[in-house]
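Asker: Sequence:
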Amino acid sequence: MKTDDWQQIKEIFNRTIELPATERAAVLENIDADLRGEVENLIKAHENAGDFIAEPALVEAGLVETDETDLQIGKQIDSYKILRQVGAGGMGTVYLAAHADSSFDKKVALKLIKRGMDTAAVLKRFMLERQILARLEHPNIASLLDGGSTTDGLPYFVMEYVEGLPVTKFCDLHQFDLTERLKLFQAVGGAVSYAHQNLIVHRDLKPSNILVTAEGVPKLLDFGIAKLLHPDWSLETAEATATMFRLMTPEYASPEQLRGLPITTASDVYSLGVILYELLTGERPYKIESRLPEEVAQMALTAVPPKPSSVISSKFKIQNPKTARQLTETADEQSPKSEVRRPTAKNLKSLRGDLDNIILKALRKEPERRYHSVQEFCEDIRRHLEGLPVTATADTTSYRLVKFVQRHRLGVFASLLIALTLLSATAITTWQAVIAGRERARAEQRFNQVRKLANTILFDYHERIKNLPGSTETRKKLVTDALEYLDNLSQTSDNSPDLQRELVLAYQKVGDIQGDDANSANTGETGAALENYRKALAIQVNLVAQMPDSDAERRTLAKLYVNIGDQLSAKGDLEGQQDLCRQAVTIFSEIVQKDSQNAVARTDLASALFYLALAVRAKGDYDGAIIYYRQAADIHEKLALVAEEADKRSARLRNAALIYKNIGGVYEQKQDSASALELYLKAETIDRENAAANPNNAQYQLDLSFTLNSIASSLTNQGNFSEAQKNCRRALEIQEKMAAADPQNAFAKTAVARTYRRMGDILKKLENFDEAFAYYQKSIKMFEQYSQADPSNTNLRVRLAEAYMVCGDCYYYWAKKAKSKSEQIDGLREAEKNNQHSVDIYSALQTQNSLKQNEAADLADVQKALEIDRAELKNLLAK
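Here the sequence shown stands for residues 1 to 879, numbered as in our numbering.
None of these hints come from the bench; they were simulated from the model.
Where is the CB? At the ideal position from N, CA and C, for every residue including glycine.
The hints are all genuine.
Ranges of calculated distance between the beta carbons of each label pair, as one might list FRET restraints: (1) 694 x 139: 42 to 48 Å; (2) 262 x 34: 43 to 49 Å; (3) 785 x 215: 21 to 27 Å.
Calculated cross-link-like contacts (lysine-lysine; reagent style DSSO-like; alpha-carbon spacing at most 27 Å): (4) 670 x 619; (5) 778 x 816; (6) 81 x 106; (7) 879 x 833; (8) 778 x 183; (9) 817 x 833; (10) 737 x 749; (11) 833 x 778.
Go ahead and model the full structure; you've got the sequences and the hints to work with.
Answerer: Quick look at the structure:
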């Protein structure tokens, strides 16, 4: 065949393969008979292709031809016998193989590099794919089983053989409804998210690379053009990145792939958006007539994809009931296996709204406007399935109200009444604003009433319910409604100091509710908290500039410094936190010097000293931290002695107890467990009294649990494991009760995760390994979930790294105790796996300059542990 003929055949094939059969026949009638025969053969071969692994992008694009004669069939490679070819690509071929030993009957997929393609670049890419698969252990990713080289030096690897259908065909065949398709897609998203967490971008996601087994389990395949994001691997992937335009599948490629720009995880988000679009509508976002690269790129870079619901709507134009019935019946006859794609009013309604917005957000042409992660993409789908508001839909009051009512028809009626009152008052204010001048005074009166009402919501109603178990969801609703009011109010023309002062206090209060670490009732929204604190700071700086001698204004400014410093600590910015806390201490000290009996000013100074102690402690200055802690505790103890009201005395003693526990923690870091235990027992007396007097106060209950945990830690260090376990179990009982009463309380949930880890530490000392591993795994699972939900919170990622590290240490200890060689090998392998996860997390944080001094030391320790694991495992396997 001539080269020119082959180019024509490829062009005609690409132009006609996506057309319906009737249109395809009309096109083929107008071409040369010889060429038509070749094209028809290609089409027939395409439609009869197997389902294991679709032809890689090189072959699909027509850049590489496959060889129908394969000399490998029937040969044996190491312990595997080649049965038949199931897929071929530009650099390798995939075979169905089986163990040559008939006593072990297991089918596998064996990928072998092609003879003649074993150039340095191709070998590097092949070995990189094998390295990627070795890192991925997930139930929805085809796993790597073995690898090696043939007798003539060609590398190969063996992976799980997946018998299944592409995800779109599977859903149609089994008549999956919309909910079932979305849940299956979530499982796929989980696999992609797992790859991203391991710093791997797939870059060729499409239905043929997502097979679903007969049992309904999706499997992600073909990491042949995946990209590694870890900085240590940047040199290994540079060459591959330069040639990706020829390797990708154009219909599912992101705009940045088509432009040849740097690729991030946002590219996989886009490809998943295309897949979900096709899964729910039966069509892709763009009508591409051919697969020529320039035409595909032009369409994806310039065209606006229609809403998925409009695809269904175009097939279902309701003119009268009779027409509607006829169209529905016709659709039933034409696509009996695609229930969710039928042009019915029900399906149109299901797609319209949230699903339209979710899919189109994933398909944004600008990467930064898409979902920040696949986890966030799947979280929006979960929220849609559960009737919750989604981030892809405009966050309007009416939208959130409808969602809230749908989920909580019998919910907290008080918060609904407040919201309705606020909306009514705002509507009245807006209406009055357009009345003639004679009504202006009345409108201003209404405006002030709304201000008063909003302040009542934040500073009265919220305070009454904040410590009630189960109140987090209601408090989130109050915060979102109040924020809408505040943002609108801040844009009014009224720049009076009184109004600006109200706005500062309100934004500060919202930040406290969302992310104040000292507040056990925070909602765990640290990023949003920092944003609102900064809104307050911008206004307060102007107020201080207008009134530089006002202690009240300077006091508010200093409190905002402390608030923002605390949030910076959560993001790993220790220098920023320390600088802001020192400024706050300076301001509060000057105010106290003017009036040494001012209890409010002294409390503020104690708070600033406490956060300064946290900052210098994180930098490794333990002695300096103890000095600041003791100064703060001394202030709280003296204030408690002169407190006239029982509530104020309890609150001040609580602050003192919190500081005792922090000083104890420093002593433990200095290896002085006896001094630490003395301080913990002192704190326990206070916390137990507060908890008994306030049984419905979640904050006081959690305080007691943290003290019991601290006592358990000190007892463990002293070798009293039995008493340590008792204290830890009592702490866990309290925390699990609080978390169950309020599932939205992020503070309580992370407390449970930390205590699971501590329980594992104690059980390890008791050599109760099975229970220890169970608790470590619970802790790891919870911290993985929370760090994914709040990716900017470096503290959560550090907690996850610590959990992996102690779990790895426990497996190593178990391996050293094991009597059989097989158990020793299993233990060392688990130790290596967990320590590797820990190193990956710590290293990523180090790259971002987010590691504290003690955390950098932990990284060095776990790296050393990982080297020991590998060395001892290698020695064992060699015996």
